[in-house]
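Enquirer: Chains as they are written, first to last, in the working numbering: chain A, 1 to 283; chain B, 284 to 764.
Simulated from the structure, these hints should not be mistaken for lab results.
Just so you know, even glycine gets a beta-carbon here, dropped at the ideal spot from N, CA and C.
Among these hints, one or two may not hold up.
[To be verified] Pair by pair, the computed Cβ-Cβ distance ranges are:
| hint | chain 1 | residue 1 | chain 2 | residue 2 | range |
| --- | --- | --- | --- | --- | --- |
| 1 | A | Met1 | B | Asp624 | 55 to 63 Å |
| 2 | A | Glu146 | B | His472 | 55 to 63 Å |
| 3 | A | Tyr274 | B | Arg668 | 30 to 38 Å |
| 4 | A | Glu196 | B | Asn526 | 53 to 61 Å |
Here is what each chain is made of, one letter per residue.
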Amino acid sequence: MQLWFTERHTQNVEFSIKVDRQLYSGKSEFQRIDIFDSKEFGRFLTLDGYMMLTEKDEFIYHEMITHVPMAVHPNPENILVIGAGDGGVVRELTRYNTVKNIDLVEIDELVVEVSKKYLPTTACRFDDERVHIFYEDGVKFIRRCENKYDVIIVDSTDPFGVGEGLFTKEFYGSCFKALHDDGIMVNQHESPFYDEDAAAMQRSHKRIVESFPISRVYQAHIPTYPSGHWLFGFASKKYHPVHDLNPAKWNILGLKTKYYNTKLHAGAFALPNYVEELLRDVE
Amino acid sequence: MGLSQIDAPIYEALRKLRRMRVVPFDVPGHKRGRGNMELTEFLGEDCMSVDVNSMKPLDNLCHPVSVIKDAEMLAAQAFGAENAFFMVGGTTSAVQSMIMYACKSGDKIIMPRNVHRSAINALILCDAVPVYVNPDVNKQLGISLGMSVEQVEKAIKENPDAKAVMVNNPTYYGICSDLKRITEIAHAHGMLVLVDEAHGTHFYFGENFPITAMNAGADISSVSMHKSGGSLTQSSFLLMGKNINAGYMRQIINLTQTTSASYLLLSSLDISRKRLALSGREIFAETVEMAEYARSEINEIGGYYAYSKELINGDSIYDFDVSKLSVYTLPVGLAGIEVYDLLRDEYDIQIEFGDIGNILAYISVGDRKRDIERLISAMSEIKRRFGKSGAGMLTQEYITPIVAETPRRAFYADKISLPLEKSAGRVCSEFVMCYPPGIPILAPGELITDEIIEYIKYAKDKGCSMTGTEDINIEYLNVIV
Chain A
1 MQLWFTERHT
11 QNVEFSIKVD
21 RQLYSGKSEF
31 QRIDIFDSKE
41 FGRFLTLDGY
51 MMLTEKDEFI
61 YHEMITHVPM
71 AVHPNPENIL
81 VIGAGDGGVV
91 RELTRYNTVK
101 NIDLVEIDEL
111 VVEVSKKYLP
121 TTACRFDDER
131 VHIFYEDGVK
141 FIRRCENKYD
151 VIIVDSTDPF
161 GVGEGLFTKE
171 FYGSCFKALH
181 DDGIMVNQHE
191 SPFYDEDAAA
201 MQRSHKRIVE
211 SFPISRVYQA
221 HIPTYPSGHW
231 LFGFASKKYH
241 PVHDLNPAKW
251 NILGLKTKYY
261 NTKLHAGAFA
271 LPNYVEELLR
281 DVE
Chain B
284 MGLSQIDAPI
294 YEALRKLRRM
304 RVVPFDVPGH
314 KRGRGNMELT
324 EFLGEDCMSV
334 DVNSMKPLDN
344 LCHPVSVIKD
354 AEMLAAQAFG
364 AENAFFMVGG
374 TTSAVQSMIM
384 YACKSGDKII
394 MPRNVHRSAI
404 NALILCDAVP
414 VYVNPDVNKQ
424 LGISLGMSVE
434 QVEKAIKENP
444 DAKAVMVNNP
454 TYYGICSDLK
464 RITEIAHAHG
474 MLVLVDEAHG
484 THFYFGENFP
494 ITAMNAGADI
504 SSVSMHKSGG
514 SLTQSSFLLM
524 GKNINAGYMR
534 QIINLTQTTS
544 ASYLLLSSLD
554 ISRKRLALSG
564 REIFAETVEM
574 AEYARSEINE
584 IGGYYAYSKE
594 LINGDSIYDF
604 DVSKLSVYTL
614 PVGLAGIEVY
624 DLLRDEYDIQ
634 IEFGDIGNIL
644 AYISVGDRKR
654 DIERLISAMS
664 EIKRRFGKSG
674 AGMLTQEYIT
684 PIVAETPRRA
694 FYADKISLPL
704 EKSAGRVCSE
714 FVMCYPPGIP
724 ILAPGELITD
734 EIIEYIKYAK
744 DKGCSMTGTE
754 DINIEYLNVI
764 V
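Generate the whole structure from the sequences, applying the supplied hints.
Expert: Written as structure tokens, this is what we have:
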């Protein structure tokens, strides 16, 4: 028997993983949720047929979206996470003892429930007493927040479907308002490689640039996302992502990571020329 | 034949025609799209294959005897009308037809001054004489309201020879007059009641909405199915009560209506009527829920005022259409038109219109909760980023027109073009309006005053899209010699 999960990356490119078995399939008010087991990537989660995470490579995404802002901000205590119902970002955040509060806003309760049941590697720290989960539209939640958070992590799906609102200027502006004067927002920034993804990436970059005084982009290599070349946005009111990084301070925390380190942190902001050009076009 | 609301005769006839693969040696010349591939790729083959001409199996809108007749009968049933006609020239053509039905040359018609331009255009066409009833005005919001019963009654008594009373119900902003009472008074004086119900399609299908024209006993109503009803742009219904001679109405319509009615429009009316008849109640309950939610969230932002039923005053605001999301913006220091522009330019959100003091976001069944969240957030952001003190903003005043000449005589009179500033004291021979909403600031035959000139300049300055004049830049006005 041959059972394959296939995601279309462009009209002409497909990406397939051989599936061992399907563990779960369900439909929430917002989207279809599936969990598969595979030999190569272990267990993986898809939403509306789009790859969200695999056990094998999720560490790259979750470490890079979390530790970069956490290493730059001198004293991140109050953190807001939007999306991230799989628990990966929360897992990384709870490793910081200095963090006092983590608000997680996930629109789809079923994603959290399914993750708790089937994805123990990521959904393992929801019971940390600092974590508060709000099942709400992130766009709505953040509208009411003012001068409240040190770091906001936007772990969204793609800029179409449920996550659409998390790529808009009104949302980025609301994030700006919700942050303290030295706050940082990091977001999943799509890929620069395929044309359609690159256009979406540019659109959201433009909107962030218009909303924050400092807006830089960094990259990571994530094998199961389209093209494998993935970007994150670093938007900030005060701190520069590289100049204000204090490597010694982060390293002394002694957090064990598989992908992230402070040398790579600086290097991740060095982008290929074509990516720099795409960004410059909209800055 | 036992047709019911689950049927859609025009739609079904088109599907049948498509299956039969008839060879077309008639117009349209694109021949099911094959002759214009770029257009076909753009609009889709399915769409082009039903862009066909009248033929026996499809009936003819100018003289319906089969599927269009059946579809019109079903529409009449659905709307609770004696007769209903499919209209393909927009509600504009429906409004014109009802006025031309009621009035011949020189006949008087009582109407509020804040009618849509289509109504005054009809007066130019048929040479009827308007008797304007000044709508009541909400001073705070600067919007014109419905007509008070007392004012209508006064106009009727002063003009017992008038042939008809026309009512906007609801207005663009969602405000309803006491339609039932106005209808009773007009009928008691032998006048017809014509209702511009362009913004009221959903009243016929949802629950707890203001009374419909047909239920209020009005004689004719123009309903923009394409607004809240979901049909294609330009498609509308003309509804008639039992005292209207439908055959004569058809003749009136045929004076100006195309003889090549689009089957895209006709089928969209047919399918939309079916859909609303079958599930309109749920559809509009959802729409209202979204509008109510947006209203409460916007009011929570502060500054903005998203108004609703609390405005009701028993007369000129007899009822309010809660599916409308009208918001007063001046307290955040921004004209409605400025918020309208910012929403589009900064946030990629297109709303229906902005005027001096208000915006209107059109909420319908096509909306998604998450888009509503975006709209609310964008308004919150606009206040944060662009908000100012509300002081010194010109409020929008209803300017009582001074009618010096009938619209028709003014329109066709000898005229000269004068710079706007120098036109005070002259009689205008053309329209000046912001579009949308398309309600004239000046109509042909009205006296130009300093107050009006100032208003036009302010609206232009704030970025309102002005139309109606021969001079595209509205720097010159045509006035009667």
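Enquirer: Hint by hint, note whether the structure agrees.
Expert: Quick rundown of the hints versus the structure:
1. A/Met1 - B/Asp624: 55 to 63 Å: 59 Å Cβ-Cβ, so the 55 to 63 Å window holds.
2. A/Glu146 - B/His472: 55 to 63 Å: For A/Glu146 and B/His472 the Cβ distance comes to about 60 Å; the hint holds.
3. A/Tyr274 - B/Arg668: 30 to 38 Å: 33 Å, holds
4. A/Glu196 - B/Asn526: 53 to 61 Å: With a Cβ separation near 59 Å, A/Glu196 and B/Asn526 satisfy 53 to 61 Å, so the hint holds.
Checked against the numbered hints given earlier, the structure satisfies every one of them.
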